[in-house]
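Trainee: What follows is each chain in one-letter form.
Protein chains: 2
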Amino acid sequence: MNEIKIFCPATIANLNCGFDVLGLCLEGIGDEMIIRKVAEKGIRITKIIGADLPLETEKNVAGVAALAIVNAANPDCGFEIEIHKKIKAGSGIGSSSASAAGAVFGINELLGKPFTRQELVDFAMKGEALASGCEHADNVAPCVLGGFTLVRGYNPLDVIKIESPSEIYAVVLHPQIELKTSDSRAVLPSAVPLKDAITQWGNVGGLIAGLYTKDYELIGRSLQDVIIEPARKQLIPNFDLVKNTALQNGALGSGISGAGPSIFALCKGQEIAEKVAYAMSNSYLETGIAFDMHISKVNDEGVKTI
Amino acid sequence: MNEIKIFCPATIANLNCGFDVLGLCLEGIGDEMIIRKVAEKGIRITKIIGADLPLETEKNVAGVAALAIVNAANPDCGFEIEIHKKIKAGSGIGSSSASAAGAVFGINELLGKPFTRQELVDFAMKGEALASGCEHADNVAPCVLGGFTLVRGYNPLDVIKIESPSEIYAVVLHPQIELKTSDSRAVLPSAVPLKDAITQWGNVGGLIAGLYTKDYELIGRSLQDVIIEPARKQLIPNFDLVKNTALQNGALGSGISGAGPSIFALCKGQEIAEKVAYAMSNSYLETGIAFDMHISKVNDEGVKTI
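Residue numbers (our numbering), protein chains in the order written: chain A, 2 to 307; chain B, 2 to 307.
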């Protein structure tokens, strides 16, 4: 096998209470990549369709991630990468992580899988660091592993895939406004009241317990964020209205996807997800801001060959 | 049935990362209580053996908790309570919670169980509030429900019993020094760096995941506290030495039990627990401070009739 076509899914990081540690993988929303094994050593980005991103390997998230795995594997060949971007950059649903994860997954497949998916997260994180300025795994982990993931810690990287119930659907409303991750980071407090931190880790515990026990009500009660959302939501027009609309229409929870501006809701079952998506769309029309809507089951598989 | 004898187990709260939200129930360390249904309405503490605690109902943790359940149930009778304290007050292993939990459990049994164990946690918390100055459920929850428990939130009280592996043993070293909960609270920071809060909630998530998946290594990696322990450990002589000794001898994790001064370690299996207890004891001898040692399996049942 010398060429592989890959689906690189979008992801939702943070999930309200789990800032920088929790994430989930989406189905049906994602980039495609083609990776070719070639005789000439090195990594070359040969084509990018759908986004204005640099072709230079060292300046491209997929390129940097590819270099990380190739440096570790040291194969007697090189790779060409074609990227068909479908996830918009800066949307808050893991656009750069999808590219990083796709590159390392594809190269690993073409090399005969010398690395586990867990190990691939580490390589993908190197690429992601180019986009976010620091090494974060809360999007690359669900993209590579699928399902819900927890980054327990970073020293060393410790990523756990959380078993989750099969009926969770995510709704994502992506307003077409530019919101840089650096701006989203700038509004965060450097210190938080201990009381709020306790509330937050109680909810992280509740969410993990709810996922393992398939207790949708507990999942819903735990999808709360008393620290990040209050600081960030003013950057997203009509955030409160959209969130409340989602909850009133039966969503388990709703919040900011990653660094925003996308707003997500989690729902039990497709029917409720469709109703919630419809209501969220209607509530956003009055802003006059264009937006995309996605409805997706949680993707338990993660990045894969197609 | 007009009289009931109850075992009221000791508990370990916080468990490193889960300050104010996590706890576990011990076996073989606990108070005993005798509760009698009597014709005359009201609650009377008739005897307290093993501790110098007030007999006045409104000033006694068991009394206040008993009043909470009796006010809710409004029965056509009263109750007499005898307390045989074996858990030392101020030890950090839930002495007051044991009394509060025992009182509400016993009365509920004598009334024909009108309330669920979940509901009893709420009543017991009212008694516990007398001792700690505020309503906390991180000791009463494991005492009433058994096993590992998570207090997801307080508004309203939301307590979850976490399924856990059967081989976890706790070792507790209780130095005979006085350490008031109010002093232990006074050293806590009112605000914490967001970075540390993230580390903490990553570990809470990891610990819950480790318990559900019976992954002892993950449990061990998650038993870390970057917020409370650094502030409190100077109140406990030789804390670092004891903790490091526990870890070097195979404990999964070690930390301050509740508000201290007790130091606990969690171990996989009785053999390791005994080795750890022996080593912890030896490491404490040099302080010249008297101490008690306990080794206990996690008690999945909680407070019970004996």
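Treat the hints as calculated values from the structure; they're not laboratory data. Here the structure is a predicted model, which is why all the values come from computation and not from measurement. Keep in mind that a hint or two might mislead.
Where chains are identical, the list cannot tell them apart; a pair therefore holds if satisfied intra-copy or between any two copies.
List of simulated lysine-lysine pairs, DSBU-like, C-alpha gap at most 30 Å [claimed, not checked]:
1) Lys196 x Lys60
2) Lys48 x Lys215
3) Lys89 x Lys196
4) Lys196 x Lys234
5) Lys215 x Lys114
6) Lys196 x Lys48
7) Lys276 x Lys6
8) Lys196 x Lys114
9) Lys60 x Lys305
10) Lys38 x Lys276
11) Lys38 x Lys269
12) Lys196 x Lys127
13) Lys196 x Lys305
14) Lys234 x Lys6
15) Lys215 x Lys269
16) Lys276 x Lys60
17) Lys298 x Lys215
18) Lys234 x Lys276
19) Lys215 x Lys181
Trainee: Does each hint hold? Answer for all of them.
Mentor: Each hint tested on the structure:
1. Lys196 x Lys60: Cα proximity of Lys196 and Lys60: across copies only (28 Å, versus 41 Å in one copy).
2. Lys48 x Lys215: Classified as neither: same-chain Cα gap 43 Å, cross-chain 46 Å, threshold 30 Å.
3. Lys89 x Lys196: Between. Shortest inter-copy distance 29 Å satisfies the 30 Å Cα cut-off; intra-copy 37 Å does not.
4. Lys196 x Lys234: For Lys196 and Lys234, both the intra-copy (21 Å) and inter-copy (20 Å) Cα distances are at most 30 Å.
5. Lys215 x Lys114: Between copies only: 28 Å across chains, 33 Å inside a chain, cut-off 30 Å.
6. Lys196 x Lys48: Neither: 50 Å inside a copy, 38 Å across copies.
7. Lys276 x Lys6: For Lys276 and Lys6, neither the intra-copy (34 Å) nor the inter-copy (55 Å) Cα distance is at most 30 Å.
8. Lys196 x Lys114: So Lys196 and Lys114 fail the 30 Å test inside a copy (46 Å) and across (35 Å) alike.
9. Lys60 x Lys305: within (24 Å within a copy, 64 Å between copies)
10. Lys38 x Lys276: For Lys38 and Lys276, the Cα distance exceeds 30 Å both inside one copy (45 Å) and across copies (55 Å).
11. Lys38 x Lys269: neither (42 Å within a copy, 47 Å between copies)
12. Lys196 x Lys127: Classified as between: cross-chain Cα gap 20 Å, same-chain 34 Å, threshold 30 Å.
13. Lys196 x Lys305: Result: close neither inside a copy nor across copies, 42 Å intra and 33 Å inter.
14. Lys234 x Lys6: Result: close neither inside a copy nor across copies, 37 Å intra and 55 Å inter.
15. Lys215 x Lys269: For Lys215 and Lys269, both the intra-copy (11 Å) and inter-copy (27 Å) Cα distances are at most 30 Å.
16. Lys276 x Lys60: Close neither inside one copy (41 Å) nor across copies (54 Å); limit 30 Å.
17. Lys298 x Lys215: Intra 15 Å, inter 28 Å, cutoff 30 Å: intra and inter.
18. Lys234 x Lys276: within (23 Å within a copy, 52 Å between copies)
19. Lys215 x Lys181: Result: close neither inside a copy nor across copies, 35 Å intra and 40 Å inter.
Violated hints, in rising order: 2, 6, 7, 8, 10, 11, 13, 14, 16 and 19; the structure is consistent with all others.
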